[in-house]
Structures are given as structure tokens and as C-alpha cells.
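Asker: The chain contents come next:
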Amino acid sequence: MSAAVLQLVGVTQQYGEGETSVSALSGVDLTVDKGELVAIMGASGSGKSTLLSIAGGLQKPTSGEVVVEGTYLSTATRRDLAQLRRRSLGFVFQDFNLIPTLTAVENVTLPLELDGFRARVARRAGRDALASVGLEDKLDSYPDDLSGGQQQRVAIARAVVGGRRLILADEPTGALDSVTGEAVMKMIRHRVDQGAAGILVTHEPRHAAWADRIVFLRDGRIIDESQRRGADALLSDAR
Amino acid sequence: MSVRQSLLAILDQGPCYGYQLRAEFDRRTGSTWPLNVGQIYNTLDRLERDGLVEKGDVDEQGHVYWQITDAGSAEVQAWLDAPVERAQGTRDELAIKLAVAATLPGVDLGAVIQRQRSASLRQLQELNRAKYAGSNPDGPEELAWSLVVDSMIFAAEAETRWLDHTEQRLARHPHRTMGLELSTETPKRGRPAKSEASDTEAVVG
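Protein chains in written order, with the numbering used here: chain A, 10 to 248; chain B, 169 to 373.
Because the hints were derived from the structure by calculation, they are not lab data. Be a bit skeptical, because a hint or two may be false.
To be verified - Partial pick of chain B residues on the chain A-facing surface, computed with a CB cut under 7 Å:
id, residue
1, Gln282
2, Leu289
3, Leu292
4, Gln293
5, Asn296
6, Ile321
7, Glu325
8, Thr328
Using N, Cα and C, we set each Cβ at its ideal position, and we do this for glycine too.
Based on the provided sequences and hints, a complete structural model is requested.
Answerer: Next comes the structure, spelled out in C-alpha cells:
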């Protein structure tokens with residue numbers, strides 16, 4: 010059985026039609042296995058964020074297939090997608106995206122509660138997730154009372170709470186100083202090493218280097234995946 | 169130069185014998201700059217000649233303890249107070265390679281850059297992994313070592329960023345290179361050819 014948590018097969022995303030159409034992604038193939046962190050790099054407008062939205066089912070590609078833990082997103086209903094996002098996927102954003110009126114543990118358990126977990130069960134899972142990012146003493150703190158690094162750790166806890174296995178991180182260190190950013194990256198690395206899978210979009214080479222593989226996008230195409238296949242073969246593909 | 173100053177700075181903390189000095193240097197730099205004991209003794213001899221250290225007590229095992237002089241302590245302070253002067257990097261091998269490659273018609277400079285970037289990132293990955301594997305991240309020795317590794321990480325990152333920048337600059341040129349063909353003007357032996365611009369200036373002047 011394949012260990013793939015996420016598969017993108019021939020994913021193409023076009024905006025607009027006819028002569029004015031723009032391809033944000035063109036025939037992207039990407040597989041992320043359990044225990045694997047893949048970094049996506051590329052200049053602004055290369056398609057990094059589009060790729061992440063499509064991988065997370067937030068956006069349907071023009072063509073191609075996305076498979077998350079065996080679920081084919083093209084044929085999934087909206088309800089299936091919502092459930093997938095609640096149960097399988099965890100997003101980590103640059104600006105944390107925590108709900109300011111909820112405590113740390115409430116932020117983390119929200120997806121579980123939306124999914125119908127009993128409050129006590131959800132709280133226990135939330136407490137475990139926060140403990141795993143070193144915030145067991147901040148359960149009842151509000152986001153405004155936490156530092157940027159702590160808020161991002163809450164977001165990581167939210168991304169991995171329950172049985173979530175796919176972390177999708179969009180510039181997770183962008184709003185943090187370099188030392189805090191490194192600590193956040195170590196945390197994501199650690200979670201992946203424990204059996205999750207992750208995609209990391211970043212423009213910081215230092216942080217991308219925490220990944221097992223680094224994939225480069227240019228004009229919506231993967232131009233170099235040399236860490237998976239032979240460098241020369243890939244560079245000739247790009248031409 | 170920094171080995172000499174570093175050993176002196178360690179001796180400023182108290183007398184040490186040769187092997188001990190090497191061990192102290194190692195644990196403060198995460199063994200990233202291995203020294204053999206011969207280098208240590210050579211350096212100590214020179215420091216003694218310059219009046220910065222002197223031989224002190226000898227223990228039962230015959231270890232000679234070296235101690236710092238007042239002049240040595242003053243030198244340590246001067247070293248810590250002064251910035252390190254970096255040599256100008258105009259002869260960087262990679263910069264020269266890319267500069268030349270950018271002028272060669274038919275060379276896919278994008279591919280050259282991408283290969284280099286992959287190599288730099290692979291080096292970054294190895295450095296990160298080395299750092300991640302540290303046993304006691306909060307210990308002083310681990311901290312000292314990670315400072316050295318960090319300097320390598322940031323240097324590798326700077327190279328990657330510079331490659332990104334180079335790629336973007338070249339993307340403004342068709343085919344990503346500037347295609348400089350061999351000049352028909354051959355320089356005269358023994359001195360460079362005058363450029364047209366300087367000729368014109370000479371006439372105007």
C-alpha cells in the first residue's frame with residue numbers, strides 16, 4: 010500500500026478563458042508521503058499559493074486530480090470536502106488566523122467540535138496537541154496575550170489536533186523573527202517525523218531546508234525536483 | 169589569525185596545558201575547526217616569543233601550564249573590541265563562473281543557476297539536520313556550536329538568495345544570457361586595448 014498522504018496528478022489551474030487566460034499551474038504532479046515534508050519554492054506568481062489551495066481542497070483545479078488520504082477531491086461533494094478539511098487537513102498561515110475571542114485550547118478544538126466530538130473529548134485532544142508544542146501552560150490564554158511564536162504554535166497544534174495527517178503551511182515563519190521562525194520550523198519538522206505529512210510554501214531558503222524535498226515552481230510548472238529524481242533528467246524536462 | 173587570538177582568549181580565563189587548550193577550543197567551536205596539537209604548540213611558542221603568554225607550573229604528569237601575560241590580556245581585549253575585516257570577494261569562483269556563463273551564447277544559464285541552487289539548498293538541509301540532531305540545545309557547548317553552524321546556514325542562504333536575484337535579473341534579457349561574442353578588437357600584447365569611450369574623452373578633453 011502506498012504511503013502517499015497527498016497526490017497531485019496533472020493539476021492545471023487556469024484563470025480566464027481564450028487568449029487572455031493565464032495558467033497558474035500547468036500539469037503539476039506531486040506526491041507527499043507519510044513522514045515527509047516537501048517545501049515549495051518559487052518567485053512571486055509562480056503558483057505556490059495556488060498549489061497549496063488546491064492541495065487543501067479550497068480550490069478546484071481546472072483539470073487534474075487531487076487525492077488526499079485516498080479521497081479523490083474531483084468527485085467529492087462539498088460536504089465530503091468540508092469533512093476532509095475538518096478531519097485530515099491542517100492549515101498554518103503566515104498571520105496565524107486564530108480567533109481572538111477564543112482561548113488557545115478553544116481555537117485548537119474548534120474543528121473537532123464542529124465535527125461533533127463531545128466537548129470533553131475535544132478538550133483532551135486539544136490539551137494534548139498544545140502540550141506537544143510546549144504550550145500546556147497556555148491552554149486558557151487568549152491569542153492577544155501570546156507572543157507571535159506562541160500563536161503560531163497554537164496554529165500548529167490546531168493543524169495537527171485529532172488524527173490530522175496533512176499539514177499545509179503557507180509562509181508559517183513570515184511574521185516571526187528568525188530564532189522564533191526556526192523554532193516553529195523545528196516543531197513542524199518534529200510533527201512530520203512523528204507520522205504526519207506536510208507541504209511548506211516559503212521563500213526563505215533556510216526554512217525550506219527543513220524539508221525532505223524542495224520543489225521549485227516557475228510559471229506554474231515544477232522546474233526542478235532533483236531531490237527525487239536525477240537532476241539532469243529533470244532539468245531537461247523543464248525545457 | 170583567529171586561532172591565535174582564540175587560544176589567547178581561552179588562556180585569559182586561566183592557565184591551560186597544550187592538550188587542554190585544544191579541548192577547550194574544540195568545545196567552544198563545536199569541533200568545526202579541528203586543530204592538531206602541533207598547531208597548538210607552534211602557536212604557543214609564537215605567543216611566548218611575542219611576550220603574550222609564559223610557561224607556568226608543571227603538574228605531576230609533566231603538563232606545562234601556560235599562562236597569559238598582561239600584554240596578552242590586552243591583546244584579547246583589543247581583538248574583542250575590533251571588527252573582523254573581511255577580504256573583498258571579487259574573486260568568488262561562482263560569481264566569476266556565472267558572469268562568464270552569462271556572456272556565452274547558447275548556454276542555459278537558468279539551468280546552471282538551478283543546479284547551483286539545488287546544491288546550496290542540499291547543503292542547507294544537511295546543516296539544518298546537523299543542528300536538529302543536537303542533544304542538548306540549551307547547553308553552552310551546543311549553543312557555541314550552533315553559532316558556528318548558523319554562520320554557515322546564513323552564508324548558504326545568502327548564496328541562494330543571490331542566485332534568485334541573479335536569475336530574476338537575467339530573466340529580463342532574452343534567452344537569459346547576454347550573448348557576448350568574441351570581440352574583433354584584439355588587445356595589443358602587454359597592455360589592454362583602449363576603449364572607445366576613453367578615446368572619445370581624450371578627443372573631447
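Asker: Does each hint hold? Answer for all of them.
Answerer: Now the hints, each set against the structure:
no., hint, in the structure
1, Gln282, "5 Å, holds"
2, Leu289, "5 Å, holds"
3, Leu292, "3 Å, holds"
4, Gln293, "5 Å, holds"
5, Asn296, "5 Å, holds"
6, Ile321, "6 Å, holds"
7, Glu325, "5 Å, holds"
8, Thr328, "4 Å, holds"
Going through the hint list in order, the structure satisfies each hint without exception.
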